[in-house]
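Using the sequences and the accompanying hints, generate a full structural model.
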Amino acid sequence: MANYIVLGAQWGDEGKGKIVDLLSGHADLVVRFQGGANAGHTVIIGKQKYVLHLIPGGIVSGKAVNVIGNGCVVDPITFAKEIDYLREKGIEVSPQKLVVSHQAHIVTPVHKYLDQVLNKKIGTTGRGIGPAYTDKVQRTGMRLETILDGTFIELFKKHAELYSKFGGEMYGQPFIDVNEAIDQLKAASERIKPYIGDTVQLIAGHLFRGANILYEGAQGSMLDIDHGTYPFVTSSSTTIGGAYTGGGVYLNFDKRIGIVKAYTTRVGEGPFPTELHDETGELLRKKGNEFGATTGRPRRCGWLDLKLVQRSRIINGFNYISLSKLSCLSGFEHIKVAVDYDAQGKPVYESLPGWQEEIEGITEWEKLPVATRDYVRFIENFLQVPIGLVSTGPDRRDVIFREPLW
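Residue numbering for the sequence shown follows the numbering used here, beginning at 1 and increasing consecutively.
One should not assume that every hint holds.
To be verified - Taking lysine-lysine pairs in the DSBU-like style, the calculated list, with each CA pair at most 30 Å apart, reads:
1. K47 <-> K81
2. K336 <-> K287
3. K158 <-> K186
4. K336 <-> K286
Said to hold, decoys possible - Simulated restraints, written as ranges between beta carbons of each label pair:
5. E403 <-> T280: 26 to 34 Å
6. W406 <-> Q384: 20 to 28 Å
7. K89 <-> L207: 24 to 32 Å
8. F208 <-> E282: 49 to 57 Å
9. P95 <-> D183: 23 to 31 Å
10. Y341 <-> D278: 19 to 27 Å
11. V339 <-> A187: 52 to 60 Å
12. G172 <-> Q201: 42 to 50 Å
13. G90 <-> Q356: 35 to 43 Å
14. P231 <-> V339: 22 to 30 Å
15. T280 <-> V370: 16 to 24 Å
16. H26 <-> Y244: 18 to 26 Å
17. L283 <-> Q48: 24 to 32 Å
18. D183 <-> H334: 53 to 61 Å
Since the hints were derived computationally from the structure, they do not count as laboratory data. Idealized CB from N, CA, C, for every residue including glycine.
This is the structure:
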């Protein structure tokens, strides 16, 4: 297998969790390198559904060691709850299977308060991610190493005191209960302490031993702080560059896998050239069950924007595409695909024949309708990257391999 990276090619919610789950059964190490609990990766195995927000998807397979890298921001309370959630579902979550970087910054209840009062216009998840990264860049943040050296709670008290002086008056929202927050953070910090370690050395050790390593991106390329639709973006580097700073180890990625949804969605505010405000958009939302795994918010839906995906390919150097949610397009007479923008920035479409047959669960390429195969080939020819995997349903078994994945 060697070194793989899985990245979303659009605005997130492309179906990365399923592919990470497929790959993690072959991986020795799975690494999250950016973001925090604002991610929402769903893995479905049989009748069991797992929704992960912070912990890497490799934890479900049970084979790999899972890493939360230094580029992530970690809410100790949410982290402890997610460990409990997985254990209740019978998943082993031990310090031998899960390690979080001592250099990762901490998300506090103050950050979540600030996110909720400041970032409504952007449409964030309200999980405190942006304010935590703000403190990191301002060099006023707290890292997980402060839990190990015993200084975290005192630092948090000063942090809360600073914002409490003007928080309620400036933002018109009552400030957090600081004493309650301290009690919650004390309990959570003690619980997660055994999981904190030096992940740079851990990744490097696996690399030098020739282990199979999988990097798991969160959100999507068009939410990248630099390359996304600014300012309607997340607060971290969701593209391949973030893997190097957020993991801390240089490595060559043999497979750079872009996950492309067969149509386009986004959550929150921001530009969306192919968005559909009609019954077609509503039908896509219904067929695709397009509601956020983290927030439950309905996703905005529209036709596939290949111009946008092409940009992601340029940024990330994709050499393998996994096409997801193809089965949701069954029943449309015609399917539009944006291939360019006009002078006003409006999408220029090509219309392709649709198909009426239900294709969910099909696992053989030749059993797909001709129009479905033509749709896949159209995308492949436009991007000039092989579509090696086609996902035909939510279960991990609902896949067609056109090219080997490992």
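Evaluated hints:
no., hint, in the structure
1, K47 <-> K81, "holds (22 Å)"
2, K336 <-> K287, "holds (17 Å)"
3, K158 <-> K186, "holds (15 Å)"
4, K336 <-> K286, "holds (18 Å)"
5, E403 <-> T280: 26 to 34 Å, "holds (32 Å)"
6, W406 <-> Q384: 20 to 28 Å, "holds (23 Å)"
7, K89 <-> L207: 24 to 32 Å, "holds (31 Å)"
8, F208 <-> E282: 49 to 57 Å, "holds (52 Å)"
9, P95 <-> D183: 23 to 31 Å, "holds (24 Å)"
10, Y341 <-> D278: 19 to 27 Å, "holds (20 Å)"
11, V339 <-> A187: 52 to 60 Å, "holds (54 Å)"
12, G172 <-> Q201: 42 to 50 Å, "holds (46 Å)"
13, G90 <-> Q356: 35 to 43 Å, "holds (40 Å)"
14, P231 <-> V339: 22 to 30 Å, "holds (27 Å)"
15, T280 <-> V370: 16 to 24 Å, "holds (23 Å)"
16, H26 <-> Y244: 18 to 26 Å, "holds (23 Å)"
17, L283 <-> Q48: 24 to 32 Å, "holds (28 Å)"
18, D183 <-> H334: 53 to 61 Å, "holds (58 Å)"
Hint violations for this structure: none, all hints satisfied.
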